[in-house]
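Protein chains: 2
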Amino acid sequence: MDCKPIKINGFKPSDGFVAELQRLIKREVIPYQYAVLCDEAEGAEKSHVVQNFKNAAKALRGEDIGDGFYGQVFQDSDAAKWLEAAAYSLALFPDKELERRADRLIAVIAEAQDEDGYLNTYFTVKDREKRWTNLLEGHELYCAGHFMEAAAAYYEATGKDRLLNVMKRNAEHIYERFVTQKREGYPGHPEVELALLKMYDVLGDPRFLTLAARFIDTRGTDDFYKREAELRGWTVWGNDANDGYYQQSHAPVREQRDAVGHAVRAVYLYTGMAGLAAETGDKELFGVCRRLWDSIVEKRMYITGGIGSTNIGEAFTADYDLPNDTAYAETCASCGLMFFARAMLRTELDGRYADVMERAFYNTVLAGMALDGKRFFYVNPLEVIPGISGVIATHWHDKPQRPGWFACACCPPNVARTVSSLGSYAYGASGELCCCHLYAAGETDFGNGVKIRCTTDFPYGFTVKYEILSGSGELAVRVPSWSESFGAALNGSAVKCDIRKGYAYFGISSGDVLEIELDGTPRLVYCSPKVAENTGCAAVQRGALIYCFEGADNGEILPLLLDANAVPEVGNYIDELGAVSLKVRGFRTVSDGKLYTFKKPETLPETLTAVPYYTWGNRGENQMRVWLPIGGTI
Amino acid sequence: MDCKPIKINGFKPSDGFVAELQRLIKREVIPYQYAVLCDEAEGAEKSHVVQNFKNAAKALRGEDIGDGFYGQVFQDSDAAKWLEAAAYSLALFPDKELERRADRLIAVIAEAQDEDGYLNTYFTVKDREKRWTNLLEGHELYCAGHFMEAAAAYYEATGKDRLLNVMKRNAEHIYERFVTQKREGYPGHPEVELALLKMYDVLGDPRFLTLAARFIDTRGTDDFYKREAELRGWTVWGNDANDGYYQQSHAPVREQRDAVGHAVRAVYLYTGMAGLAAETGDKELFGVCRRLWDSIVEKRMYITGGIGSTNIGEAFTADYDLPNDTAYAETCASCGLMFFARAMLRTELDGRYADVMERAFYNTVLAGMALDGKRFFYVNPLEVIPGISGVIATHWHDKPQRPGWFACACCPPNVARTVSSLGSYAYGASGELCCCHLYAAGETDFGNGVKIRCTTDFPYGFTVKYEILSGSGELAVRVPSWSESFGAALNGSAVKCDIRKGYAYFGISSGDVLEIELDGTPRLVYCSPKVAENTGCAAVQRGALIYCFEGADNGEILPLLLDANAVPEVGNYIDELGAVSLKVRGFRTVSDGKLYTFKKPETLPETLTAVPYYTWGNRGENQMRVWLPIGGTI
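So the sequences go chain by chain: A and B. The opening residue of the first sequence carries number 0 in numbering that gives the first Met the number 0; numbering runs sequentially from there. The opening residue of the second sequence carries number 0 in numbering that gives the first Met the number 0; numbering runs sequentially from there.
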């Protein structure tokens, strides 16, 4: 099968949690990020992105390059990710002013393209001779990939093809080099592979499929980076050309067994691999993707869907090494895990992929953004202690509060584009089969004649209503692994479900109303005792939401224990968070104040309040924990 | 008061735990380390120490310097620490052959001294012009300090003064520069301060007291390191001259409040400060030392007496940050904590200092050395998981097995000198008052006419017998904080004890026999809930020994929980470890194998075996934990 995500304009949000998020992105994030790109946002770090493009255009015309290039080697990608998010947002909420802004930016970008199709301001402004001499660090293919994604999105959302044509020329330039001329190499930061598959999807040009396959299949087959490093004699950051693990070039991709290295690079690569397998029906390659998927979700993923256990190389570490306080769990990596899940669902409709996609989205990806859409976490720890977190060297990256725009501003636009395109994660179709992977209220056009309207208060409500607006076929609705029960009623009558691999299948026709009842009972979750950090602990979950305990509700968190026999209950709606809390019985440890003591501490019964993890850190600096020790009889 | 440690030849070990250790050091460590210094030890890293001295002598004579200097800037200190350990060992166990070796080494060292008294092979061989231009990193004063300690020890042990005269000339050279010529500066790595106080003790020359005070009192009063860095234009490691915290120059010492920076440097500095306060009766300075002591032992010390929570800068971090798995807890730092405790006991006879001295010795310092004396831990974690510990970047320094001699070989000789001089930590005197800080079997001459014989099987036996061999006066015997009871019988009759600040005082005369009965009941220990790592956990202690749980006895350790109501009991003698185990009721968590699950894991009752922490890692690679979660009703 090839169950493709719906087209970007196939989903129109109605009232509901996802729609609210998408409006927040449109109202706060997209305008703010645009101001950042133009260096017009107050208090933000200098971006210079737009100016870099203008300066690159000057360089191409042989004019003085003004104030030159500023920023990271991948600075261009900020503009691309903004354009992609803007495109998705325009598909949801048409907006002439935003579209004009995007058109203007595209015009600036188009001017910066070299006559041979090359497009990258870092190399165009700084040193054209160095183009393509440092694939390990240079991020040329990475930036190109982001612009290809943006171009495809903007074309699908608006029908305008100026950027698409720019990126087609760019992709042809890359094809010419790496396929026609057979030049060696593959990107240090994977991204172009998945983007070329989007270009192939939109343009149908088989060269782009060939090029994606070329990058994937040559990766790690030789010591290319080592030879490249010897030849070039310059470096961006001094990346070790001999350490293949960091950028997943330690082995040919088909021989890779564990998810290793820089977590974002890893899931971007795996997304490309899974996409290629879906396009070509390559079962061997899909098997590799499954193995890497299992490596992540069975051994290397936080309960919040975060991945990357260490800041050192922003990387995966070892099986079951999942420290809560020094976690990296980059927001972008969880976006990437969603990409990977979506790509896997094309070939194999199995709830396990959508379960993880949902886990990553409702917990880490959303935690990456403040509730007001104005500040962002790059790193998403599961335990925060003010005075330690964000302060001492080992915890420097784990900030107790969301900072504003980062010098390395990859996460905010990644959240913006993921949220704005959520429809394409929630819904997909394979022929007559219409798939509902996530519960997202709104109207969906599956592109196969079937249109539905979904109404739900998910993730706080557990009833999901699907009205079939037109067409007929089969509807596959995911049965989430967190739901102990799954009730379905078709046109008011309970129906016995045909459930296979985490999806319930229903024959549907226009006018049908399908109502699903999920189990929203809050529950304790336990972790494998192979994870040292969480032995003797439990967490609290309700539906898709992992909860956490914060100082704002409970005072000091470290002395708290969960009651082993506690049954968590639904608590109050917390206005400030727009979220429903949970209540759970626990204890507060009262010790004699000594660092070490023989005196058994008292444990005083207390009702503890938990709030959704994605809402943490929105009420000032305080202690936070996802996992609490289980106690009571200490 | 000034309760000084006994002279090094004042203690003669008899049978017992300490004597066995001292014999092990003599039999294994001292010969091996000597072979290392001479580059004659099979499988050891190149040392070149002896050759460095020979080459320095050649350089001074204007001859070809052969193969030059090899090693760290502080390489010389390895020879000094070996000589000091050898001196202490000779005081315990006379040995003509060892003494000849030491004499020969001293002759080599003496030849490397410059005519002005300067002694340092790094600068003498590499660049004499750079002498004294990099106090921040150069370690000249550090190496000098270690040779001063060695010289004093060798003189006291053997009566031979050749090295003492060399170091007297060297100390005079330093005095001339920093006092007479009023040149600025103080050592980047404190050590010379405490060493100058030893020189003052042995030689009575007030210049050395003045010089120690000079280094202590000018420290951190200005931006000396910054100015020095600007002037010199070269660096050893690129240490940041603006970060005063690393080497405790962030503030004048009298204004320092928290123990910060490199843990070894910190406690070496504080030892010098406490020694100076004892010599001069400086109450203000002693108050500062108490404050820094409290900062360590109340907020920044592991239960094992380890200090330094991070490998980044080998440093203290923040209050209550005491990670078990990524601990640094360098063996040398715990030696230094013993030095600091001993120095504090001179001014204030309080059991709290000796309690920590004992904790550091019986746990971290001894864990630093394999039971066969052949391998050493630099870093002493409290949790080890093979596959993670010593493997991934964040845990690289926490090795699951003791390696051999290190490239930076500071710890093995530090263990050797500390163990070999244990008598001076165990016993001290102030006038007629004879103090027993630690329980060490052997004969002690307090230097005030009182001689005693101590008989005990401590740390596994809890009866301590003191026979007064000659003299009379007052005996102060420490009442350890871990002992719930303290029984005393004088000449067979129970006596009521006069206990003040952790010491019991007894009038004694020649022929008296005092028997002390301590409480050796194994007990659970709890940690302050301010320490995130240990919430919901307990450890097991018996007397001075902290116990741990190892795979060799229990299989997989991570699934183990302690029973909250467990009463640990004395277990078997484990021949392989020469140690008595403990038994404690607990549970083994049996989960469904998933990374995250709603299924409450089973907890199967199990009797767990704990072994003394200092014996861990002697039976192959396995999981180890000091702190176990408390459970049972999961």
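Hints in this document: simulated from the structure, not taken from any laboratory. Heads up, some of the hints might be wrong.
Lysine-lysine pairs mimicking DSSO-like chemistry, simulated, CA-CA at most 27 Å apart [as the list claims (entries may be wrong)]:
1) A:Lys529 <-> B:Lys495
2) A:Lys500 <-> B:Lys598
3) A:Lys599 <-> B:Lys529
4) A:Lys598 <-> B:Lys495
From the derived model, a few chain A residues whose C-beta atoms are all more than 10 Å from chain B [unchecked claim]:
5) Leu59
6) Thr179
7) Ile311
8) Asp324
9) Thr393
10) Tyr595
Output of the computed footprint for chain A on chain B, the stretches with three or more beta carbons under 8 Å from beta carbons of chain A [stated by the list, open to error]:
11) 146-153
12) 454-463
13) 595-606
Where is the CB? At the ideal position from N, CA and C, for every residue including glycine.
Going down the list of hints, with the structure as the test:
1. For the given pair, Lys529 (chain A) sits about 52 Å from Lys495 (chain B) by alpha-carbon distance, which is inconsistent with the 27 Å threshold.
2. Between Lys500 (chain A) and Lys598 (chain B) the alpha-carbon distance is near 20 Å, which keeps this suggested pair within the 27 Å criterion.
3. Taking the CA atoms of Lys599 (chain A) and Lys529 (chain B), the gap is near 15 Å; set against the 27 Å cutoff, the hint holds.
4. A distance of roughly 26 Å separates the Cα atoms of Lys598 (chain A) and Lys495 (chain B); the hinted pair therefore holds under the 27 Å criterion.
5. The beta carbon of Leu59 (chain A) is kept farther than 10 Å from every beta carbon of chain B, the shortest such distance being approximately 41 Å.
6. Remark: the non-interface label on Thr179 (chain A) is consistent with the geometry, its nearest Cβ contact in chain B lying 41 Å away (cut-off 10 Å).
7. Remark: the non-interface label on Ile311 (chain A) conflicts with the geometry, its nearest Cβ contact in chain B lying 4 Å away (cut-off 10 Å).
8. A beta-carbon of chain B comes within 10 Å of the beta-carbon of Asp324 (chain A); the shortest separation is about 7 Å.
9. Distance to chain B contradicts Thr393 (chain A) as a non-interface residue, since its nearest Cβ pair spans about 5 Å, not more than 10 Å.
10. Against the 10 Å criterion, Tyr595 (chain A) falls within the reach of chain B, whose nearest CB is about 5 Å from its own CB.
11. Check result for the segment 146-153 of chain B against chain A: violated, 0 residues qualifying (beta carbon to beta carbon below 8 Å, three or more required).
12. With 0 residues having a Cβ less than 8 Å from any Cβ of chain A, the segment 454-463 of chain B misses the three-residue criterion, and the hint is violated.
13. Counting residues of the segment 595-606 of chain B whose beta-carbon sits less than 8 Å from any beta-carbon of chain A gives 6, enough to reach three: the coverage restraint holds.
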